[in-house]
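Line order of the protein sequences matches chains A and B. Under my numbering, think of the first position of the first sequence as 147, with each following residue one higher. Under my numbering, think of the first position of the second sequence as 147, with each following residue one higher.
It is worth saying that the hints were derived from the structure and are not from the lab. A couple of the hints might just be wrong.
One copy or any two copies: either way a pair holds, since identical chains are not told apart in the list.
Derived DSS-like pairs: lysine-lysine, alpha-carbon spacing no greater than 30 Å straight-line [unchecked claim]: (1) 507 - 197; (2) 500 - 390; (3) 390 - 482; (4) 456 - 482; (5) 261 - 500; (6) 442 - 507; (7) 390 - 227; (8) 261 - 456; (9) 507 - 390; (10) 390 - 450; (11) 482 - 507; (12) 500 - 428; (13) 197 - 482; (14) 428 - 482; (15) 390 - 456; (16) 482 - 261; (17) 227 - 428; (18) 197 - 390; (19) 442 - 390; (20) 507 - 456; (21) 261 - 507; (22) 428 - 507; (23) 428 - 456.
There are 2 protein chains.
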Amino acid sequence: MEHPENSKEYKGLTVNKGIEQPSIVNPYFKGRRPVRRQQLTASQYVEGIVKGDVTILSQAVTLVESVLPDHQALAQEVIEKCLPYAGNSIRIGISGVPGAGKSTSIDSFGLHVLKEGGKLAVLAIDPSSERSKGSILGDKTRMERLSVHPDAFVRPSPSAGSLGGVARKTRETIVLCEAAGFDKIFVETVGVGQSETAVHSMVDFFLLIQLAGTGDELQGIKRGIMEMADGIVINKADGDNAEKAELAARSFRNALHLFPAPESGWTPQVLTYSGFYDLRIKEVWDMIYDYIAFVKQNGYFQHKRNEQSKYWMYETINESLRNDFYHNPVIENLLKIKENQIQNGEITSFTAAKHLLDIYKNPQG
Amino acid sequence: MEHPENSKEYKGLTVNKGIEQPSIVNPYFKGRRPVRRQQLTASQYVEGIVKGDVTILSQAVTLVESVLPDHQALAQEVIEKCLPYAGNSIRIGISGVPGAGKSTSIDSFGLHVLKEGGKLAVLAIDPSSERSKGSILGDKTRMERLSVHPDAFVRPSPSAGSLGGVARKTRETIVLCEAAGFDKIFVETVGVGQSETAVHSMVDFFLLIQLAGTGDELQGIKRGIMEMADGIVINKADGDNAEKAELAARSFRNALHLFPAPESGWTPQVLTYSGFYDLRIKEVWDMIYDYIAFVKQNGYFQHKRNEQSKYWMYETINESLRNDFYHNPVIENLLKIKENQIQNGEITSFTAAKHLLDIYKNPQG
């Protein structure tokens with residue numbers, strides 16, 4: 147079942163180099179000769195994807211992740227041709243600090259949803275990921291049941307880059323997976339940065355995994371993330387820890403009362419479960435399905451997806467405008483100087499900005 | 147003491163027109179002849195401000211708020227010359243939904259801090275303010291004791307404009323007020339939008355005024371704002387309402403435990419008070435002074451101010467880049483079309499963004 151491209155060895159070797167170059171022998175490749183492959187056309191990719199060919203899906207994702215302009219153009223063509231087949235899934239964002247038990251939980255959640263049929267893609271956004279350090283092995287190993295499940299497609303985060311870039315690639319990978327018939331999409335992220343906002347902007351339901359504890363364990367969660375959650379689930383509610391988890395759940399429920407109702411009209415729920423012991427997994431998913439039914443009924447489901455699509459256009463534009471400016475070599479040199487002048491009280495923030503903008507717009511001036 | 151420019155009548159007439167034009171008779175001015183005034187030089191403004199001349203301070207603020215390029219250039223010169231005299235104050239952001247009793251509270255808070263000496267400036271950020279509709283009269287009337295206090299300077303929000311523009315003007319007005327010897331600065335805002343983030347980025351302490359209630363009263367507070375607060379104070383804790391306020395305070399304290407500790411190392415406090423009956427105002431301010439002492443001691447006070455200065459440079463740059471793009475007439479025309487193509491699943495968000503960026507960068511192409 148597993149194509150060589152999906153094997154750990156193959157991926158571990160090529161994963162940081164954009165997509166593999168089929169016509170060139172990879173000099174890093176030791177052990178066996180790579181298979182020479184024809185570059186597929188956009189239509190061939192689309193045909194393969196729509197048929198549900200996981201190998202071709204996987205190659206297309208690699209194309210999406212490539213930094214080469216030719217690959218990017220081809221990837222966009224493939225994605226656009228896949229758009230008519232996409233959208234027919236539920237997209238679940240799953241966040242939690244390291245140690246909250248995300249991988250084990252995703253393994254249990256995934257098994258649960260696959261019992262009902264359908265296909266599951268597990269994607270990730272982790273802008274800090276350095277795939278060469280073996281985190282793929284980590285991901286695959288930690289999700290031990292999903293990683294060998296015939297109806298699951300587990301793909302680690304695109305390699306390190308700007309958050310915007312990584313998020314875009316994951317978002318586009320969702321389109322490809324949906325076109326390939328995956329009707330459940332999990333997008334995992336760590337609860338320590340702005341990647342939550344990015345995930346929140348591409349999923350239908352945002353699930354926050356928490357632990358019961360003294361508060362110390364919660365330090366890793368960034369402010370503002372709790373308020374994004376459509377559901378908070380307290381993991382490791384088993385054995386001696388069950389009571390503590392219930393107490394934590396009660397605190398979270400009280401806290402959520404203080405927040406204004408989300409735009410969806412849905413009241414975020416707080417549940418306890420155990421990913422490791424497979425306890426109350428069904429309750430968690432019943433909650434998520436309740437939410438989906440609720441927002442499909444009140445129209446918020448489609449409204450949110452439309453808003454998300456527009457959001458990503460604006461995000462892409464804004465990121466590009468900022469990149470052009472801040473990566474301009476003249477500006478790069480001057481930024482530190484201006485920052486120092488501001489800190490020393492020599493100029494205002496506004497004057498500094500204006501100087502830089504003038505130079506950027508009139509490089510000859 | 148009150149200069150004609152500060153009188154309600156004078157302000158109500160000129161306030162929406164940028165700064166008054168000294169050499170032209172204001173056609174809207176009825177009742178008495180305006181005083182013809184020479185435009186001051188930057189040095190004259192600075193001299194007057196540093197002497198604590200409130201009339202000149204007020205004129206300089208009007209200059210900051212002007213949209214005319216000449217005025218803006220002069221304003222920047224004045225602000226820069228004031229920078230060496232600025233910074234010596236504590237800056238308090240005060241937020242709360244309409245109805246929370248902000249103005250009454252600020253009146254009480256202001257009286258309290260002025261009892262200890264010093265001078266207080268009360269500024270505001272309200273991007274939606276339409277000053278022609280009499281909100282100045284409103285502000286002045288509601289802060290009835292402060293508005294006639296010789297050591298208080300109450301200035302309403304700069305008139306409607308982009309949030310970035312309004313926020314910048316308020317931030318620059320802080321510099322002018324500090325140079326004029328105001329050692330306490332309040333920046334008021336309504337708890338209903340992104341203006342909180344802007345205020346949070348220019349103050350040392352962010353105070354959130356809440357009401358006890360069923361939760362319904364809290365709907366107006368946007369998500370994420372509670373987590374910005376260095377202190378939450380429950381207003382109207384008087385008479386029959388006192389017990390309910392205490393209960394609300396306890397809920398907020400429990401909720402805050404669930405959040406990670408802020409970067410300052412300070413644990414946000416929750417207190418109850420009554421702005422109208424002047425109850426426990428001292429406790430609120432003792433908390434704020436405790437905070438200031440705490441962060442001055444651990445270095446966070448200066449660190450945060452430095453970060454804020456840099457933040458405003460980047461904000462100004464980013465806003466300018468976005469404005470140039472989105473106000474480009476060709477882009478403005480195409481945006482709606484691209485949005486529709488995205489909604490109809492014809493193109494991806496990324497392709498739409500790329501088309502627009504290509505057109506923007508190569509208008510001839």
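**Message:** With identical chains, the pair residue 500 and residue 428 could be close in the same copy or across copies; at 30 Å between alpha carbons, which is it: within, between, both, or neither?
**Reply:** neither (57 Å within a copy, 43 Å between copies)
**Identical-chain pair category, residue 442 with residue 390, by Cα at 30 Å** = neither (35 Å within a copy, 38 Å between copies)
**Asked** Using 30 Å as the alpha-carbon threshold, which applies to residue 428 and residue 456: within, between, both, or neither?
**Response** Neither: 34 Å inside a copy, 48 Å across copies.
**Request:** State whether the alpha carbon distance between residue 261 and residue 507 is at most 30 Å within one copy, between copies, both, or neither.
**Result:** neither (58 Å within a copy, 51 Å between copies)
**Request:** With 30 Å as the alpha-carbon cut-off, assign the pair residue 507 and residue 390 to within, between, both or neither.
**Result:** Classified as neither; 59 Å inside a copy, 58 Å across copies.
**Request:** Can you give me the call for residue 227 and residue 428, within, between, both or neither, at a CA distance of at most 30 Å?
**Result:** neither (36 Å within a copy, 66 Å between copies)
**Intra/inter-copy verdict for residue 442 and residue 507 if alpha-carbon distance must be at most 30 Å** = Cα proximity of residue 442 and residue 507: none, with 47 Å in one copy and 40 Å across.
**Item:** Copy assignment of residue 428 with residue 482, given that the CA separation must stay at most 30 Å
**Value:** So residue 428 and residue 482 fail the 30 Å test inside a copy (54 Å) and across (43 Å) alike.
**Message:** When Cα atoms must be at most 30 Å apart, do residue 390 and residue 456 count as within-copy, between-copy, both, or neither?
**Reply:** neither (42 Å within a copy, 43 Å between copies)
**Request:** Have a look at residue 507 and residue 456 and pick one of within, between, both or neither, based on CA distance no larger than 30 Å.
**Result:** both (28 Å within a copy, 21 Å between copies)
**Prompt:** When no copy is specified for residue 261 and residue 456, does a C-alpha distance of 30 Å or less occur within a copy, between copies, both, or neither?
**Reply:** The answer is neither: 34 Å in one copy and 53 Å across copies each exceed 30 Å.
**Prompt:** What label fits residue 390 with residue 482 when the C-alpha limit is 30 Å: within, between, both, or neither?
**Reply:** neither (49 Å within a copy, 52 Å between copies)
In terms of the numbered hints stated before, the structure departs from hints 1, 2, 3, 5, 6, 7, 8, 9, 10, 12, 13, 14, 15, 16, 17, 18, 19, 21, 22 and 23, listed from lowest to highest.
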